[in-house]
Structures are given as C-alpha cells and as structure tokens.
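The hints should help you fit chain B onto chain A, whose structure is shown.
If you're matching them up, the sequences are chains A and B in order. Quick note on numbering: the UniProt record's numbering labels position 208 of the first sequence as 208, and the sequence is numbered without any gaps. Quick note on numbering: the UniProt record's numbering labels position 161 of the second sequence as 161, and the sequence is numbered without any gaps.
Rather than coming from a laboratory, the hints here were simulated on the basis of the structure. Treat the hints with care, since some could be wrong.
[To be verified] Just so you have them, the derived chain B footprint on chain A, three or more residues with Cβ under 8 Å:
| id | segment |
| --- | --- |
| 1 | 55-67 |
| 2 | 148-162 |
| 3 | 214-228 |
Just so you know, even glycine gets a beta-carbon here, dropped at the ideal spot from N, CA and C.
Listed here are the chains, written in short residue letters.
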Amino acid sequence: MQSALIKRLGLTLLAWTLTLVICFPIVWMVLTGFKTETQAIASPTLFFTPTLESYAAVQGRADYVKFALNSVYISLGATFLALAIAIPSAYAMAFLPTKRTKGTLLWMLSTKMLPPVGVLVPIYLIFRDLGLLDTRTGLIVIYTLMNLPIIIWMLYTFFKDVPKDILEAGRMDGASTLHEVCYLLIPLTLPGIASTGLLSVILSWNEAFWSLNLTSSQAAPLTAYIASFSSPEGLFWAKLSAASTMAVAPILIFGWLTQKQMVRGLTFGAVK
Amino acid sequence: MRTRASGRTVGGLRSLSLQAPAVTLLLIWMAVPLGMTVWFSLQRYNLMMPGMEQFAGLENYHYLLTDPALWRAMANTLILVASVLAISVVGGTLLAVLYQQEFFGRGIARVLAISPFFIMPTVSALIWQNMMMHPVNGVLAWLLGLFGLPAIDWFSSYPLLSIIIIVAWQWLPFALLILLTAIQSLDDDQVEAARMDGAGPLAIFWHITLPHLKRAIGVVVMIQMIFLLTVFAEIFVTTSGGPGLATTNLAYLIYLRALLEFDVGGASAGGVIAIVLANIVAIFLVRMVAKNLAS
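Same shape as in the complex, but just chain A (with noise of 0.2 Å):
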C-alpha cells in the first residue's frame, strides 16, 4: 500500500512536471497579457497586480468581435460543407470499394501535400475574377478542399470499422442508400464523425497563409487580427499577449470542452 502511494506521488511529480513545461508558454501568455508594457519585459515574475490595460489598449484598435465572428462562421461553414461532400464519398469507399478506391483515397491525400504558396498566384487571380476575394465564401470554398482529404480519410477509417451485417440486415429492410447512411451510418459513427469535424474546425481556425493573402478587412479572421500586431509598430509584449489570449481562448475553450469526444470519436476504432 505504501509503496503503491509512493509511485503514485512520484508519477504525479514527474508528469505534473512535464505538462506544466509544455503548456507554460500559453500560461506565460495568458500571464503577460494581464501585465503593463514594463511589467512585461522586466525579469519574469509570478507575483504582480493584474491590469486590464492592455486589453483594452488592442480593443481600442481592431475590433475583435468582429474578426472572432468570421473565424466562427468559416470554420463552422467550411467544417459542415466538407462533412456534407465527404461523407457520401466514404461511405462508398468503405462499403462499395472497387479496385481503384485506394488509388483515389492515396491520390485524395497527395492533394494535401501541395504547397499551398505553390498555387497562390492562380488561386489569387481566380478568386479576383469571380469576386471571392476578401469574402467569407471564398474562405469557406478554400478550406472545404484543404480539409477533404483529411476529412475524406478520417471518415473512411471510422466507416471500415462498422460491422457491415449492420447495413446489410437494413438493405435487406428495404433500406435505401440515403436511409442506410443517414440512420444507421451516421449514428453508428457519430463519435468519429464529431471528432473528424472538431478536427477540421481547429484546422480552419488556425489556417494561416489563405486567410492572410486573400483577405484584407471584410472576412479577415482572427489570423488576421493577430498578424496585424505582428508589424513593428504594435510590438509590445503585453498588448501582443493579450491579443493572441484573445485569439486562441474560443479555440483553446472548444478543443478542452470537446477533448472527451474527440478522444472517444479517435479510439473509436480501435475499441471492439
């Protein structure tokens, strides 16, 4: 029993020790935001009284609300239009496969590998034509394609793993192809179906070089916001800091509230 306790108080050390390494830039973050500009750069310190001046300081010259709505919207619209294309193509992956289906899976991934700054300039010029520049539907369009593969695969993997007796029995009901997947498939894999979509919605939300080129105020999202403190002028610590808090709390938030399922959607595989 004693020796049990032991282990258990060493292993909460050592691992406690570990995370508080790893986040500690974002603790350090969130602590500096809290700081004035001096406080900021003097030696490093726990102990100081907290001021909310810098907030206010980079409220008073971009309005967040309105970059933070947009990343919302993006995300959520690229995240859903993605599921809706990719979810009939993996269903016929996993249960129809043909000769060629992982030749187009492999081919769907090596999209991915694309530099995106190698097809900059035709996108850019493109999106100028049909007037999708510096809007949120040109976003959405662009970070649809960057995640589908992704989003493509990660569905086909959670598919493959679905007894196919389930579909079968309900073909044999008379199920159609939309009524298989839309009550059998879909609540069967629900987990990995949520976490395969909170994957891409971190994905969108953090996507930096599109957002950064092909937007300039009206859809600008909040990687935006964050680049334009980034320039020499606005280089101060702590209004730095409190811009990327505010940048990443929703995102931050999102991803620990949503741990558990995406945790549960990914084992979902391997779980029989």
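Using the frame of chain A, we list chain B on its own:
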C-alpha cells in the same frame, strides 16, 4: 451467383456516383491551379515587368535547379520534417505511456498537455520568438541566467533548431492525443499476463505496447508529414527564412520568389518542383499507408 455479379456492377456505379462530388471538386481544385502553375512556370512572367510575358520553355527550371538556394531549401525541408516527426513520435509515445499511468489530476494534466495543438501557428511563433527565446528578456535567457550561463540568441545562433522547437511544440501534443487514445485500448489482461510471466516494464513496452501503437503511429506520421512539408507561418513570423537561407524551406522559397521578387514564372516552377517532391514523399507514404489500410 447472378445477383452477386449484378450487385457488383450496381455497386461500382453507385460507388462512382457517391464519390463524384468529392472527386470532382478535388480534381478541379488540383487540376486548375496546377495547370495554371505549370503554364506560368514555362513563361517569363514577372509582375514588375508587365507586357514582357513570353514563352520561356524550361528556362525557369534551369535557373532554379542550378540555384544553390533550391537545394538548401530542400535539405531544410527534409531536416525540419524528419526532426519534428522524430521528436513528436518518440516524445508522444513516452508521454502517452506516462499519462496512461494513474496519478493525481490525470484528466486535467492530459487536457493541458494537449493544449499547444489548439494554438494558431502565428501565435505560437510570436510567443516563442518574443517571450521564450528573446536573448535579453526571454524566459529561456532568464533560466540560463539562473545557472550563471550566458543567454543564447536562438534565432541567429541556431535558427533551424529554433524553428524545429516551435513546430515540434505544436505537433508533439497532436501525437500525444492520437497515441493516448490508442494506448487506452490496450488489453489490460494481456499486460497483466505478461507481468505474471515475469516481463519487466521495458519488455512490456517493447513487445506489447509498441506493437499495439503501430497503426496509431502510422496515422501520426501520415497526418504530420502532410502539414510539416508545408510549414510556413512559423518561418514567416520569426526568421523570414534567414539568416541567409538557414531556415528557408521549399514553401518559403516559393513565397520569396512569388511575392517578394514578383517572379511568377520562377515561383511557379518552384511550385511544380515542390509538388514533385511531395509526390516522391507520398510514394513512400503510400507503401506505409497501404499496409495500414490492409490490416
């Protein structure tokens, strides 16, 4: 027999029609910009010299392939990908084993350790550059000072290592997340049985845990490789590819050509080369993933 045969054809057609939207969209997404990129890469096309566009043949490629910058960028890309993969897979596996043990506050510790994955690359680069690695006021400089050691100017002394640290800090938690979920499905009875037979913790890790995680490690390598090949924001925010070419990867080199030198032709040729490189890597991945798909 008959129904089976006909079922297969119907299945093939149905399969095709269900995949059509995704395949068509990705084809367009890939083919149109790719076609345009290939086309531009054969042109002498600089935005600073309008009206001077003309067919250049393989001139851009020749220029690029004989440019030492390209090889440097390719080497940097591969070093970055390989180091971050090594750190996150090894570190992620060890951490997953640790976080699987029973200890106080395990749930909260797990959530906190995964947090860096949720942070925007731009933000994490800014935090690391300004508050962690700053040679004068950074936390690391202060820590070294406590031990009487001189501060390190990370970005000028070890530029590529600095980028690797930042990128690994973001992706290690992702590996941890996937591996931790996989490790939870490890059969306790099997581990218990091995322990009864006198297997030490190391033997259990090597012969039971690691083989169990094989598939999950494959997933981690696959997904991370895709993102690591195109790392951009971290470099853009911190070093801008420098000093010199020390931290210029392929994605950043193309960006430099396209947006700073306005050389659309050269940038497009770089894009084509990057795509070829990505596909070479993809061939290796295909083998690995094909194995995974088969199992």
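Cross-check of the supplied hints:
1. Against chain B, the segment 55-67 of chain A contributes 0 residues with a C-beta closer than 8 Å to a partner C-beta. That does not satisfy the three-residue criterion, and the hint is violated.
2. Counting residues of the segment 148-162 of chain A whose beta-carbon sits less than 8 Å from any beta-carbon of chain B gives 4, enough to reach three: the coverage restraint holds.
3. For a cut-off of 8 Å, the count of residues in the segment 214-228 of chain A with a CB near a CB of chain B stands at 4, and the three-residue condition holds.
Checked against the numbered hints above, the structure violates only hint 1.
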